[in-house]
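Chemist: For reference, the chains in residue letters:
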Amino acid sequence: MPDPTELTALLSRVALGDRAAFRRLYDATAPSLFGVALRILNRRERAEDVLQEAFVNVWNRAGSYSAAASQPMTWLTAIVRNRALDELRGATRHQAESLHDEDTGEMREIEDDRPNPIGLLEQAADALAIRACLDAIDGPQRQCLALGYYHGMSHSEIAAHLGSPIGSVKVWLRRGLARLKRCLDRT
Amino acid sequence: MNYDRPELLDRLASEYAFGTLTGRARRRFERLRRALPAADVAARTWEARLAPLSQPVPPAQPSSSVWDAIDRRTGGGPAATRGERGWRGWFAPALGFAFGILATVGVIRLYPSTVIPFDDIVQQRGTLPASYVGLLTDADGAPTVLASSTRHGRTMTFKFLKPVAPPPGKRLVLWALPKDGAPFALGAIPPPDGNRSVLTMSGTSEQLLSNVPRLAVSFEDVVPAPGATPSPFALTGHCVKLW
Chain E
0 MPDPTELTAL LSRVALGDRA AFRRLYDATA PSLFGVALRI LNRRERAEDV
50 LQEAFVNVWN RAGSYSAAAS QPMTWLTAIV RNRALDELRG ATRHQAESLH
100 DEDTGEMREI EDDRPNPIGL LEQAADALAI RACLDAIDGP QRQCLALGYY
150 HGMSHSEIAA HLGSPIGSVK VWLRRGLARL KRCLDRT
Chain Z
0 MNYDRPELLD RLASEYAFGT LTGRARRRFE RLRRALPAAD VAARTWEARL
50 APLSQPVPPA QPSSSVWDAI DRRTGGGPAA TRGERGWRGW FAPALGFAFG
100 ILATVGVIRL YPSTVIPFDD IVQQRGTLPA SYVGLLTDAD GAPTVLASST
150 RHGRTMTFKF LKPVAPPPGK RLVLWALPKD GAPFALGAIP PPDGNRSVLT
200 MSGTSEQLLS NVPRLAVSFE DVVPAPGATP SPFALTGHCV KLW
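Residue numbers (numbering that gives the first Met the number 0), protein chains in the order written: chain E, 0 to 186; chain Z, 0 to 242.
Because the hints were derived from the structure by calculation, they are not lab data.
The structure displayed is predicted, hence computed values, not measured ones.
Hints are not guaranteed to be accurate.
To be verified - Under 10 angstroms between C-beta atoms, here's a sample of chain E residues computed to sit facing chain Z:
#1 8
#2 21
#3 36
#4 66
#5 67
#6 73
#7 86
#8 125
#9 132
#10 140
#11 143
Virtual Cβ for every residue (Gly too), placed ideally from N, Cα, C.
Kindly generate the complete structure, drawing on both the sequences and the hints.
Modeler: Okay, structure coming up:
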């Protein structure tokens with residue numbers, strides 16, 4: 000995990016157009032940020048496009064970064080997640096075309112080889128020492144939280160994935176987020 | 000929707016930061032976030048709260064072409080690549096910079112009486128004295144504040160070309176953005192009397208600004224201590240030497 004103080008210093012230099020600082024910022028943060036985008040998009044080339052867009056954005060917006068308002072990694076992760084979510088949802092609209100095999104007229108499936116994200120949520124909870132609090136959240140709510148956050152799934156995608164009604168998923172997510180907030184605010 | 004309700008903002012911000020706010024609702028919240036500071040604070044609070052969840056995601060190495068593309072698109076990259084992009088590659092930034100300075104000088108000509116300590120000198124000598132001048136523009140690029148100081152003077156004079164309203168309890172703080180180094184605060188701009196205001200600096204313009212190509216203004220609760228990091232800039236602009 001890169002040192003926040005160093006990242007803040009790098010960002011303030013990037014705001015002034017320092018290219019060497021921009022490269023160091025990229026080297027220090029790109030692997031973590033790429034991991035986040037890859038988890039959401041599940042396709043290397045799409046995640047690389049998102050990473051590229053995000054860093055061009057960072058170069059242009061570094062002047063608006065405020066260390067008083069957010070930690071540098073929080074700010075960078077939010078930029079990457081937002082881009083990845085936009086790409087995922089924009090892509091979903093095109094997927095019907097690109098996956099439609101012209102010869103057979105059949106839909107091809109893209110295999111989802113990502114591990115169940117519940118493990119990531121549990122690891123995060125362990126690292127934050129809030130595992131007991133997380134475990135007290137109902138199973139379906141925890142599933143919704145993990146699929147929504149790590150895989151960027153929408154309500155309807157989670158509903159399809161779990162084979163549950165969308166109404167239930169919305170309730171689980173709303174309650175799950177409220178419970179998660181209480182857990183996270185304990186740290 | 001009544002966005003004054005904190006619980007509604009908090010719920011929207013939670014779904015936005017978490018990612019389940021989608022489509023038009025997501026775009027609407029992004030616009031709201033830019034327009035309403037309370038919405039931005041709520042979103043940042045949720046982003047900070049959820050950020051630790053990304054920690055255990057295994058890192059992965061992107062291919063080297065990603066950096067190459069970023070480098071090229073942000074104006075760096077090898078000379079050969081720049082050549083391929085044609086004259087716009089180097090001319091556009093140069094033109095932008097030149098335009099910023101021309102705009103600064105142009106506004107001074109439009110408002111010759113604004114440069115306060117200059118009035119007498121200009122009348123006596125018929126020329127502008129050696130000075131540092133900055134034209135600060137808002138997020139839309141509209142000229143908003145003209146800052147000027149004689150080269151060896153300790154006061155910076157401001158002419159407000161349009162009103163600037165800081166949020167309640169906040170003040171306008173002027174920042175110098177040096178060529179190499181972190182921004183540093185020059186001080187709080189006193190509320191304008193009419194459309195003018197004068198700030199006394201800790202040193203002369205020459206001492207403080209000789210290596211400063213840009214100025215900026217942010218809204219702060221207090222005058223920042225040395226080494227403090229600025230809040231997002233509300234106004235920015237070139238700082239030019241006029242001599």
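Chemist: Take the hints in turn and mark each one as holding or not.
Modeler: Consistency of the hints with the structure:
With a cut of 10 angstroms, the hint placing residue 8 of chain E at the interface with chain Z holds, because the nearest CB-to-CB distance is about 7 angstroms. Here the hint on residue 21 of chain E is kept, as its CB sits about 7 angstroms from the closest CB of chain Z, short of 10 angstroms. With a least beta-carbon distance of about 9 angstroms to chain Z, the hint placing residue 36 of chain E at the interface is held under the 10 angstroms criterion. For residue 66 of chain E, the suggested interface contact is upheld, since its CB lies about 4 angstroms from the closest CB of chain Z, less than 10 angstroms.
With its C-beta approaching chain Z no nearer than about 6 angstroms, residue 67 of chain E sits inside the 10 angstroms limit, and its interface hint holds. Hint status for residue 73 of chain E relative to chain Z: holds, with the closest Cβ pair at about 4 angstroms, below 10 angstroms. For residue 86 of chain E, the interface hint is violated, since its Cβ never comes within 10 angstroms of a Cβ in chain Z; the closest pair sits about 12 angstroms apart. For residue 125 of chain E, the suggested interface contact is upheld, since its CB lies about 8 angstroms from the closest CB of chain Z, less than 10 angstroms.
For residue 132 of chain E, the suggested interface contact is broken, since its CB lies about 13 angstroms from the closest CB of chain Z, more than 10 angstroms. With 10 angstroms as the threshold, the beta carbon of residue 140 of chain E stays out of range of chain Z, its nearest partner Cβ sitting at about 13 angstroms, so the hint is violated. A cut of 10 angstroms between beta carbons decides the hint on residue 143 of chain E: the least distance to chain Z is about 9 angstroms, and the hint holds.
Violation of the numbered hints given earlier is confined to hints 7, 9, 10; the remaining hints are satisfied by the structure.
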